[in-house]
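Peer 1: If you want the building blocks of each chain, they are given just below.
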Amino acid sequence: MAGNKKKKPETWSAGPGDADFRPLVPGPVAGIASLFVPGLGQMLAGQLRRGFLLLGSLGSGAGLLIWRIHLLAHREADLFAKLLKAFDRRPFFVGLVAACILLLWIWNAWDAYRQTKPKTRGGIGIFVLIVVIFFSLGWQISEINPYKMIKELPDAISPLSRVLWPWKVAVTREKQEISARAEILIGCEEGELPRIPEESPGKPYLMVEPRCGELSRLDEDNKVIKGTVVTLTGRGFVPDTVTQIWWIDSLSNKFRPRQEGQYVSVEIDKNGEFTFDLVMPYRLIPPSARGPQYHEVEARQVTGLGKLMVGDPLRLTLARMAETIFMGMMATFFGIIFAIPVSFLASRNLMSHSWVAMLIYYLTRTVLNVIRAIEPLIWALIAVVWVGLGPFAGIIALTFHSIAALGKLYSEAIESIDPGPIEAIQATGATRLQTIMYAVVPQMIPPFVSFSIYRWDINVRMSTIIGLVGGGGIGFLLVQYIRLLDYRAAGIAVWFIAITVAILDYASSEIRQRFV
Amino acid sequence: MLEIKNLTKIYDDGTRALTDISFEVEEAEFLVIIGLSGSGKSTLLRCINRLIDPTEGQIIWNGTDITRAEGAELRKIRRQIGMIFQHFNLVKRSSVLTNVLSGRLGYVNPLRSLLYRFPEKDRKLATDALKRVGILDQAHKRADELSGGQQQRVGIARAFMQHPGLILADEPVASLDPVLAHSILGYLEQMNQEDGITVLCSLHYLDLVQRYASRVIGLRDGRIVYRGTREDIRRMTDEQFREIYGAEAVRVSAGFEAKGGE
Chain A
171 MAGNKKKKPE TWSAGPGDAD FRPLVPGPVA GIASLFVPGL GQMLAGQLRR
221 GFLLLGSLGS GAGLLIWRIH LLAHREADLF AKLLKAFDRR PFFVGLVAAC
271 ILLLWIWNAW DAYRQTKPKT RGGIGIFVLI VVIFFSLGWQ ISEINPYKMI
321 KELPDAISPL SRVLWPWKVA VTREKQEISA RAEILIGCEE GELPRIPEES
371 PGKPYLMVEP RCGELSRLDE DNKVIKGTVV TLTGRGFVPD TVTQIWWIDS
421 LSNKFRPRQE GQYVSVEIDK NGEFTFDLVM PYRLIPPSAR GPQYHEVEAR
471 QVTGLGKLMV GDPLRLTLAR MAETIFMGMM ATFFGIIFAI PVSFLASRNL
521 MSHSWVAMLI YYLTRTVLNV IRAIEPLIWA LIAVVWVGLG PFAGIIALTF
571 HSIAALGKLY SEAIESIDPG PIEAIQATGA TRLQTIMYAV VPQMIPPFVS
621 FSIYRWDINV RMSTIIGLVG GGGIGFLLVQ YIRLLDYRAA GIAVWFIAIT
671 VAILDYASSE IRQRFV
Chain B
-16 MLEIKNLTKI YDDGTRALTD ISFEVEEAEF LVIIGLSGSG KSTLLRCINR
34 LIDPTEGQII WNGTDITRAE GAELRKIRRQ IGMIFQHFNL VKRSSVLTNV
84 LSGRLGYVNP LRSLLYRFPE KDRKLATDAL KRVGILDQAH KRADELSGGQ
134 QQRVGIARAF MQHPGLILAD EPVASLDPVL AHSILGYLEQ MNQEDGITVL
184 CSLHYLDLVQ RYASRVIGLR DGRIVYRGTR EDIRRMTDEQ FREIYGAEAV
234 RVSAGFEAKG GE
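Quick mapping for you: the protein sequence lines, in order, are chains A and B. Mapping of the first sequence onto my numbering: residues 171 to 686, in sequence order. Mapping of the second sequence onto my numbering: residues -16 to 245, in sequence order.
Everything labelled a hint here was simulated from the structure, so no lab data went into it. Note that the coordinates shown come from a computational prediction; the quantities given were computed from them, not determined experimentally. Nothing false has been slipped in among the hints.
Among chain A residues calculated to face chain B with C-beta under 10 Å, some are:
| id | residue |
| --- | --- |
| 1 | 593 |
| 2 | 596 |
| 3 | 598 |
| 4 | 603 |
| 5 | 604 |
| 6 | 608 |
| 7 | 609 |
| 8 | 612 |
| 9 | 613 |
Ideal placement from N, C-alpha and C gives every residue a C-beta, glycine not left out.
All chains, full assembly: derive it from the sequences and hints.
Peer 2: Now the structure itself:
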């Protein structure tokens, strides 16, 4: 190449593209022109596109830099102070981009000069600089921050691990309440001592000793006079658990006594037994009370020891997942039904026989493109306004999008069919409808099946997230769990989405391969 | 029975495919059209059954002008004209039988046919047609499972199902080897001679032309440059042949002879 150029320096063909190129101005003029207006020199040198590219990138680069500087230092009044402040806050970003823009400006002048010389025309070095400028701007504008990712990882591990392994809440046990009571006489002066409760095997048992005592009281200075210390002895509880102690007064009011500010609870040993010294709590004896007052103390356990149950998150997830799959299926079904006739109207090869048909063709195409340009999530928002929250809104949204997407795919399949059989069937004197039925439809079946299954796949995927905007399905549940910070439940939903999509992906590709 | 008057076809992109073509086709003739690829043979044949609309001129078929026919009238004319294609143009995913039956589409009840239902009489006709071309045992195979020669026989059976007065054959043997070519043209000759069906056929190989044609028309750049009878063709020399095909032409008598040109 280089040798070639040297051999015939008088030809102008060394530059890429045009062979007979003449710069409008001499080199220095081009250079100076580019110094004043970036890219002008290149345009004068006959490199119109290169000139516009340089002008555009330098202009927009500088504009974006000024915008970011303004944001970094919006309080400063004049430009220079802004620049200093911004440089102070983000020295690397501001310094790099400003330096690159300055360098690009100078380089652009030199480049303009070089563009007038056939030997040095072209060259892509200058574009590397443009890439650097826009990469730096992009980094800053989109707030990319890898440091933050690392710094905040430890805090994120706990919720993330719950999402990753959420199965703790998948299965729960039925809640069971176990309790045992013992009576106690208030004041030992009057009344009979309560009976010692009988112990029966298999049931929890509580005994209190002594069986009478004084409640805690307040003296004149509102100081607590501690009541009698009674010893609670319990047997037959669930081993290695925590049990709550409750107090029940003579009017059957239940409350949890406190000791040193904490609710009283006891730990059951491995034999299911405990002993605990309880200070009798403070309780006013109502003035109207007559005769001996009997209170009760209760040891109460609420344990998940009942039979195994599917947890709420799992149950709801499964229900919503079924809803999701059927949403996708119904949307695909309706999509196919409407897309088939539409696709015939949107096929150039079937609609090119008259100008009315061509008009219909262009209209259909335009409508399909507009519908397809609007994301299903936005259709869902519209449908929610229309028919309210729930899966039906999601189905409407997905159906709209499916009609447009399938209509386009189908019509492209129709356009790519072999025209030979069509002319052969036409030549037999068949009507248009017969021609479609005999020459078009048989050719259409494999792509139709393939696209339809693919669409079902996409629709189920879409219906997992269409719930985010209230369109029903599992997304509806997922977004609720995430907002409630219930990461385990959300994790279950995420797992099921992943499992379903993976199975579907596999199944749809298998079916498509078998069929086509 | 068929008269073509001053036929001209200019495509939308400005290509001039046919210029002022006039000739007559007699009842029960085997008229062969020769010419290079791009000389307008396919366009001419497709103008006759209006798969392509001619720009100017008339095509008179038993007294009616095909170029003016529309709708039902055109379909009625088309069903009397069978067509055979170079690439067979079978519906590949349909069965052989369905492909043959589709030759009756111009005759049957259009609504019933949309459900792929044909009268018993037509099914009988299809069986006979398949028997005639010797592939009755393949009737329930998918069309694309057949070999090239068998597929063209299905094409012939389909055309025969129309009970045509005329068969247009657009290079029916160009994608087959010479042995198969004779077998396929043999069926056309048989229909021509036994059933009195007029055949209008475009061909490439001179020896096939010499063997089957009762009359020959030569096309070059969309104009008729040669008209000859069976005897003229038999006496045809390489020079005359080259005149039709142009200076760069090669005598491809069986497709294997020495090359000219370079």
